[in-house]
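Per this note's numbering, the sequence shown starts with residue 826, numbered consecutively.
Bear in mind the hints are in silico, worked out from the structure with no lab data behind them. All values reported here derive from a predicted model rather than from experimental measurement. It cannot be assumed that every hint is accurate.
[As the list claims (entries may be wrong)] Within a straight-line C-alpha distance of at most 16 Å, the following computed EDC-like cross-link-like pairs (lysine to aspartate or glutamate) qualify: (1) 844 / 923; (2) 874 / 909; (3) 1057 / 1039; (4) 1064 / 1034; (5) 844 / 861.
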Amino acid sequence: GTCSSDLLRHADIALFRAKQRGRARWRAFTDEMAQDMHRRREIEGELRKALQQDQLTLAYQPIVGADDGRIVGCEALLRWHHPELGDISPGLFVPIAEQAGLMNLLGWWTLGRVLQQRSAWPDLDVSINLSPLQLTAHGFLEDLDLLMRELGARPQGITFEVTEGILMESRAGAFDVLAGLQNRGFGVALDDFGTGYSSLSYLTAFHFDRLKIDRAFVRNIESDLDAQAVLKAIVTLGKTLNMRIVAEGVETLVQR
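With these hints in hand, go ahead and build the complete structure from the sequences.
The following block contains the structure:
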């Protein structure tokens, strides 16, 4: 930078990148950072338009019974096909939505669409990812009650999926909200199990209805004996605690 405004702006960008990587670290500014920041701001602006112009859609990933191959449920996944940029990955636009304060709006949009769609599938269980920002937002349960009444929807057969990160950041408050969901008749699933820091303590502190095994344990199960042992232990643990078990990322007959 050759002037104070450029220096401060570039330092701010480097600071943002350092915070993304965690605490107790520093980053030197690079042109790549500035390009990335420009792209993020562009996507943020386009995402705001997408919400206003109804460009977002939902895909439903089937949950299949391991014993008979029958579809027993599905998971709602948010998708965005931009008219000019093409398909934009949730891995890119969801973190941007979180930082831009759009996650709560995005979460309610998704939930409303799922409830409307589910009226055509009354006997099919549907899972919905619940973001930390939405779960811990003030008045979440009351707003959910209002939405359910407006749409005439029932909580039975709807499962909210949460990650361990939510419980680590806001343990007491998060458990209260999760208990409120179960008291209303919703299911609660622990997502990406086995990838956090203290998974077992959460299983004793709160009774989840479903345990989702992260795909990292499934990916190499054909050849990795350690992965097989871990999977077997998780399944046994889940069954002992009377939870349903879902394995993510099963793509081959051998994995199934």
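Outcome of the hint check:
no., hint, verdict
1, 844 / 923, "holds (14 Å)"
2, 874 / 909, "holds (13 Å)"
3, 1057 / 1039, "holds (13 Å)"
4, 1064 / 1034, "holds (11 Å)"
5, 844 / 861, "holds (15 Å)"
Comparing the model with each numbered hint stated earlier shows that all of them hold.
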